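Visitor: Two chains, two frames, a set of hints: combine them into the complex.
Chains as they are written, first to last, in the working numbering: chain H, 14 to 262; chain P, 27 to 260.
Calculated from the structure, these hints are not laboratory results.
Some, not all, of what chain P presents toward chain H, calculated at C-beta under 10 Å:
id, residue
1, 43
2, 212
3, 220
4, 223
5, 234
Computed footprint of chain P on chain H, listed as stretches where at least three residues anywhere in the stretch have a Cβ under 8 Å from a Cβ of chain P:
id, segment
6, 106-117
7, 184-190
8, 204-217
9, 221-228
Since this is a predicted model, take the numbers as computed values, not measurements. We put the beta carbon where it would ideally sit given N, CA and C, even for glycine.
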Amino acid sequence: MIAALASLRPSQTAVPRDIGFVEWFFDADTWTGTTGILASLQDTVILCAAVTLVAVIVSVPVAAVLAHLRRAEVSSTWLVSISRAVPTFAIAALLVPWSLARGWGFEPWPIFIALLLLALVPIYLNTYTAIRQLLEGPVDAARALGYSERSILARVEFALASSLIFSGIRVAAIQVVATEPIRAFLGGDGLGRYVRDGFGQNNNTLVIGGIVLIGGLAALTGLTFVALERLVLPNGVRRLSRQQGDTSP
Amino acid sequence: MTPGSLPRALVAEATNPIIKWEWVVEEWDQIWQAVVEHVTLTMMAMALGMIVSSLLAAIALRYRWTMTPITATTSLIYTLPSVALFALLAPVFGNLSRWTAVLPLAGYTLLILVTNIVAGFQAVPPSVRDAADGMGMSRARRVWTVDLPLAVPFIVTGVRIATVSTVGLVTVAAIIGQGGLGRLIFSGLRRAFWTPMTVGASLSIILALVLDAVILVTGLWLAPWQRRRKGATP
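The following block holds chain P by itself, in its conformation from the complex (with noise of 0.2 Å):
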């Protein structure tokens, strides 16, 4: 805790700028690079927990018994100190494999996604359920065209959530060698130069944002009716 403790290097350079553009310039390609990986290992780490998570959500939707261990479960998963589970996975799979940065990434997603996955199925009112069982649809065919459009803005919103939480884990993920613009930071850190600190930090904010702008966007767009409503009710 005492400052005495710091190696003096670091102290010494503390007075660096905090970002210098020349850098940013020179350095463009690495720190693209750095974003490409950050967006690849959220997109991974999303898609992997989309999948498990739509799942867990149509078993607790079908066998409603299962909600409670589900969750539970679901919710240990979420309090799990990252850096122990990056480090747990690391002998496992090893430091250069994407999946051990991959697999707790997605672990975390599930809570939120699971709950707002149910949430929006239970979200549908019964008299709509009830008129497409009246006018003969199957059960198949109710789920895919009734029910799963009218719980797509929960879905969009659990989503977003989940993007835009990955995005700030996968910097951690930099501990095991991963982690994109975690990276950017870590190397700023080792040397005391803080511009790829700033660039990388600032950089994995500005990511998590236009990510939850694009996925809100189509959110909308997928199902238009939400603004539309907004405007009706007072």
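So here's chain H without its partners, still in its complex pose (with noise of 0.2 Å):
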């Protein structure tokens, strides 16, 4: 069952069994050319690079507006609980006939579309939750020294939640480079394909090869929005974060 899956597309990483994980993998061939890691990289990369931006754009303001007029409590206390429970894989599949019905291929609108859903959620929640949970204090003397709603909002909500709603995107970006290898299943592309061709020839270099590469991924995702955190945000920012216990994953 699984070599008939593998066969959905033409297999583009044909690769002979008994060479060695680390013979494979650091042989310069491996990485370059069409049908590369770095090319796989790159479709992933930029997959998930787009799907958080837009995540971003939409779901800060709406959530930052929301929370600064003290609106729309209920829904997003009903968001919590869906927030970890949203079906990429069930979703991308439904979209799939839709998108290809259409001709868009298998690429990239469904799962594109699935992953947004997976990232709107965390970083609306955490946006929502960081300026509605802030003290009064800041914010009413801010109104006292003459500030407009708009800019207590930008100027004074905004900056004082920033860690929190940074956080948020940090979550956000690490589920959505955690999930987006399910694509390689739905007839695309990106690192996951190591894993779908290694299965589909039986080769078992290319699925630890694939292991390593989404895995590696993940975790320098992490990295990067630890080392972007330090670099963005000021210092008394981060250490307000820290007293108000950030336990966001």
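Guide: Structure (structure tokens):
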């Protein structure tokens, strides 16, 4: 059954089965060319970055404005319960026939939309709760100083909440990167194809390669965001979030 | 990424109807079997997840300093890519073993379950706890007859979220030949015959909603005061 699955696309990564992982992984030819690791990595990174970016552009403003206006509290608590339960694979699978019927092919829309739904929720939730749970003091002070509502949101609430908002983006990005490999099993490519082709050709070298690459990219994503956080956020804001006890994974 | 690289047959078949009801009637046995397998895998993963996370939560509540490492570890497990984890365990247990699917699935539930169990016990009002101690209850008796019932709403919430997300993840286990409804999705995809795919994907979403409702009702039955309180407080 697995072999048949892999035949969905012409196998692009034909590798002799007796080659060892180290020999395969550290061979320059493995990495270059149109079917090399770098090309797959590029596929994956571009898709994940696009999904995360769109999710940020959509979620953050909506959540920030709603939280500032103290609106949509019930629907936001309801979101908490589905935040970890978006069935990405099923959604993407449902969208494949729809996408094909329109001539858009397997990629990128079904997986893009499914991953986007996955990413929207943590970013929305973190932004909403971060702004909602701020102390009244600074906001009232700004209001008394004559700040407009818009600058209260942009320069006080948003600034104080930025650390938690950022960790929402980090969680979303990590989940997107960790889920993206299913794309290879839905007629797409990306790093997941090494696992798929490895199963298809009964070749453990490729499977291990896929695991290392997927796991490596997920770890790297986490580290990148930690580094970005240090770089972008002011020290005071980060200290504030530690005091508030940021427990997001 | 380019449509030109797709196998021609698949593009030609793209005009298949999304669902053919005759197939659903004809193949109902196969569909039902997939549902049963899906539920079984979910239950096994949840049972294992509950056992492990109860232990972890008990440790975290008894020895407070273990909370941070336990949260860190379960968070790390939670962020492991599912495709990689299933692929990693496939050679260890073999494709045909259920455990290849159940172990990662159980692992993904830990973060949610531990967090909720701990939150539930921590939410027990100190006055209630003092009252129980004052009545001379032993520690074990207090935990079982006072703390645990009061923590039930939190635990049930955790179980709901974990179950729904497990139902979604079970479909991914189809890449290692397990995965109930996920196998329908793949068999449809392979033949460019969309009916099994639509059926598998929609049923897995419906199944998640049904299980969620069942657990919600069970939770209300276990802790009926939640309903009453909702009416009482403004």
